[in-house]
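Trainee: Sequence:
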Amino acid sequence: LVLVAATCVAGDGTVTCSDPLEATSLSEAMDASIMLLQSEKGWFSGLRTSTGYANALGVFSCTPDDDKWKFPAGDNIKGLLKRVLDSGELKVAGVKWSQPFAADYIT
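Residue numbers (my numbering): -10 to 96.
Honestly, the hints are just simulated from the structure, not real lab data.
On a predicted model such as this, the values are computed, not experimentally measured, just so you know.
Be aware that one or more of the hints could be misleading.
[Unchecked claim] Below, computed lysine to aspartate or glutamate pairings styled on DMTMM-like, alpha-carbon distance capped at 25 Å:
#1 Lys30 with Asp75
#2 Lys30 with Glu11
#3 Lys80 with Asp1
#4 Lys59 with Glu17
#5 Lys59 with Asp8
#6 Lys57 with Asp20
#7 Lys71 with Asp55
#8 Lys59 with Glu78
#9 Lys59 with Asp1
#10 Lys67 with Asp1
#11 Lys57 with Glu17
#12 Lys71 with Asp20
#13 Lys57 with Asp1
#14 Lys67 with Asp56
#15 Lys67 with Asp55
#16 Lys80 with Asp64
#17 Lys30 with Asp64
#18 Lys57 with Glu11
#19 Lys71 with Asp8
#20 Lys80 with Glu11
#21 Lys59 with Glu29
#22 Lys80 with Asp56
#23 Lys30 with Asp56
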């Protein structure tokens, strides 16, 4: 069973679809946020110190380059990112791992 929640509108030979669960904008915003944090001097050290988790984030093939990691344009925000911004709530699913501070979404 496949449930499609997108709505589409046809006109002028084009079809435009709107999917309320589309995650592209949210993914772009998260990527840009991570790169922005990564470019802040001392951020990793502070995170390791404050959490005790030595591998808080490992990015080995990316650079904090503003030209490569852009936030979505404000007039083009849709899908899950729009829902997050409208509600002020980002829901995260995860499990509590046995290692302290690793994916600990409970505390």
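Trainee: Hint by hint, where does the structure go against what was stated? Just the numbers, ascending.
Mentor: Of the numbered hints, 1, 2, 3, 9, 13, 17, 22 do not hold.
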